[in-house]
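Asker: For the sequence shown, position 651 matches number 651 in the UniProt record's numbering, and the numbering has no gaps at all.
Careful: at least some of the hints might be erroneous.
As the list claims (entries may be wrong) - Calculated cross-link-like contacts (lysine-lysine; reagent style BS3-like; alpha-carbon spacing at most 25 Å):
id : residue 1 : residue 2
1  : Lys291    : Lys278
2  : Lys178    : Lys222
3  : Lys222    : Lys171
4  : Lys382    : Lys396
5  : Lys310    : Lys325
6  : Lys310    : Lys296
7  : Lys222    : Lys236
8  : Lys260    : Lys248
9  : Lys248    : Lys143
These are computed hints drawn from the structure, not numbers from a lab.
In this text the structure is predicted, and so the values were computed from the model without any measurement.
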Amino acid sequence: MYFQLLLEHLECLVSRHERSLRMTVVKRQAAAQSGVSSEVEVLKALKSLFEHHKALDEKVRERLRVALERNTALEEELALTKEELQQYKSSSAQESEKPKENGSVGGSPEQNGEQQQNKEQSSVNGESESNKKLTELQNTIAKQSAELSSWQRRVAELNNKVTELEERLSKGEKELVKKQEECAKLQRDLRENVAQKEDHSWQRRVAELNNKVTELEERLSKGEKELVKKQEECAKLQRDLRENVAQKEDQEERIATLEKRYLNAQRESTSLHDLNEKLEQELQHKQAQLKLQEEKIAAIEEKLELSTQKLAQMSSLPEMEEQLKARMEALNQAQERHGSAEDRIQRLEASVEEKNAELMRLNQRLRMNEEHNTRLSATVDKLLSESNERLQVHLKERMHALDEKNALTQELEKTRKYADELVAEKQDILKELAKWRMETEQLKRQMLQQEIAFNIQQTDALTRSLSPGAPQPPVSIFQPKLEGSWEKLQQAHALAAVAAQQYDVSSDAENDESEGGVEGGHTDAAALALMLQEQLDAINTEIRLIQEEKQTTEARAEELESRVGSYEHMNVVSRRGDSPPPAASPSRPHHHKYHTAPASMSPAHHYRAPPSSESLPSSQLQLCEEGGVGVGVGPGVGAEGGASPLTARSLRLERAARALHAERDRLRTHYPAPYDS
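All chains should be modelled from the sequences, with the hints used to inform the complete structure.
Answerer: Encoded structure:
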């Protein structure tokens with residue numbers, strides 16, 4: 001039972017983990033193409049083990065079934081033999097006389113007593129009895145078969161007679177029908193001729209015919225009675241035949257069972273012979289051991305005799321006598337022990353001889369069970385450990401893959417949100433750019449008008465201030481206009497500030513002209529030129545700093561674009577139909593390209609920073625405004641007015657430099673004396 005439970009548990013385990021084992025085998029074969037892995041070998045070994053254990057179970061079950069069949073067959077044999085003995089006794093009692101019957105009855109208990117006394121020869125007697133029974137049954141079957149054949153012959157003869165009688169009956173019936181027809185014809189003729197002729201000859205004929213009809217009817221009735229009798233005899237014979245056939249089949253079945261019993265008895269006799277041989281070998285072995293012990297005892301006795309002789313020789317010495325006494329006592333104790341051991345050996349030999357066979361069988365079974373249990377436990381432990389390790393590795397891989405998948409999904413969601421924000425910022429920036437374009441165009445127009453008026457007034461004021469006898473313009477008329485234009489163009493460009501300073505200088509010069517005269521105007525012009533030169537130097541240094549910042553920011557922007565470009569490119573391409581990017585940079589977001597960001601700013605803050613004037617320093621704002629004014633003043637006002645404000649910073653810086661050079665040249669033309677000095 002324990003072995004079957006262990007087998008069922010193993011089968012359940014393998015059926016559970018078979019799929020995972022196969023998957024791991026397939027994965028390992030695909031990963032490392034180095035032939036079949038150890039799992040397949042383990043599965044093959046398991047299959048062979050299961051087949052072996054199933055074969056062993058089948059053998060054990062067959063042995064049990066054979067033993068049960070043997071038991072039932074022996075019981076049936078006993079019952080049949082008892083019945084046959086009773087039948088033989090009854091038949092012998094009927095045939096033979098009473099003293100013979102008494103003798104036979106008295107002989108049966110003697111045989112039973114002999115069978116009870118001789119248990120070892122029971123198998124041989126059973127074989128001889130079974131052989132006798134077989135021969136007797138064969139004889140009875142032969143007799144019954146001969147009787148059956150005789151009965152069959154008799155039945156065939158009766159059947160032939162019945163057929164002959166049936167043929168005769170059919171012929172008699174036909175003759176009767178003919179005679180009846182003839183009688184009917186004669187009666188008709190008689191009826192017809194009664195009136196005409198009343199002859200005695202016709203009456204005689206009718207009487208004769210009537211007599212013949214009665215005779216034929218009597219014959220018919222006799223034939224029918226004989227037919228009924230023959231049919232009854234045939235039915236009886238058929239019943240006897242069926243009974244004989246059934247008896248024959250029963251006897252054949254008995255013969256088959258007896259043959260099986262005979263074979264089983266032969267097998268048991270062979271096993272008993274083998275056991276007898278083993279017991280004889282064990283007895284011979286024990287007899288040899290007893291002979292060896294007797295030889296040892298004889299050698300010890302010889303040594304005792306020698307020691308006694310030596311003691312007799314050395315009796316003069318008391319110490320030697322004491323030693324010899326001690327040795328004699330030890331030898332006596334050994335002899336007593338040996339005698340008791342021999343008695344025990346003789347007692348135990350009988351029990352040992354009886355139980356040795358059982359011990360051998362049990363030892364063999366235990367060894368087989370232990371070997372199978374050790375193999376199964378080893379294979380189960382190996383399979384469980386390997387399956388647990390592989391399942392843990394598989395779980396770790398799955399968990400790692402799930403973590404990576406979750407991280408990727410989170411990054412994708414972040415990039416999608418970031419792309420949506422970039423698209424929204426792009427739309428806002430485009431709207432702001434459109435507004436800024438409108439405002440810059442308006443500012444350009446206003447600046448052009450105001451610059452023209454301001455330059456005309458400035459040139460007039462400078463010429464009047466330089467000429468000593470020229471009439472001075474009133475300050476109160478120009479001052480409110482200049483203040484109004486300064487309020488409008490406070491953050492427009494750097495030239496407006498320079499012009500305001502020049503106007504302050506010129507106004508101061510006009511106010512102090514009554515006190516200082518012409519020399520004060522020359523000194524103010526020199527100071528103004530120096531101020532302009534300092535401002536130009538500061539602007540150049542700022543331009544250099546801006547260029548350096550531009551290079552660093554471009555490097556940072558390229559790095560950030562290389563990191564985020566793949567995600568942005570997908571979102572921008574998907575929304576290219578709604579808001580297409582400019583041709584200069586198709587994959588970049590539309591923020592202010594040359595806006596200088598600090599090094600501590602993150603990429604998200606860098607891309608989200610609005611391109612307003614608040615994030616720029618005042619010097620850069622002034623430069624940008626000066627660049628726009630210079631372009632508006634130049635000859636290409638119509639062409640540059642429609643350009644987008646997202647052009648490169650280098651172009652703006654070049655425009656600002658050109659505007660500064662133009663203003664410097666214009667100031668030199670207006671103020672030649674201070675620059676010459």
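Asker: Does each hint hold? Answer for all of them.
Answerer: A quick look at each hint next to the structure:
Taking the CA atoms of Lys291 and Lys278, the gap is about 20 Å. The hint holds against a cut of 25 Å. In summary, the hint linking Lys178 to Lys222 is supported, as the alpha carbons are separated by about 19 Å, within the 25 Å threshold. For the hint linking Lys222 to Lys171, the alpha-carbon distance of about 14 Å falls within 25 Å, and the restraint holds. Restraint check: the Cα-Cα separation between Lys382 and Lys396 comes to about 21 Å, which is no more than 25 Å; the hinted pair holds.
This hinted pair checks out: Lys310 and Lys325 have alpha carbons roughly 12 Å apart, not beyond 25 Å. Between Lys310 and Lys296 the alpha-carbon distance is near 21 Å, which keeps this suggested pair within the 25 Å criterion. For a cut-off of 25 Å, the pair hint linking Lys222 to Lys236 stands: about 21 Å separates their Cα positions. Between the alpha carbons of Lys260 and Lys248 the distance comes to roughly 18 Å, so the proposed pair stays at or under 25 Å and holds.
The suggested pairing of Lys248 with Lys143 holds, with an alpha-carbon distance near 11 Å, which does not exceed 25 Å.
Checked against the numbered hints given earlier, the structure satisfies every one of them.
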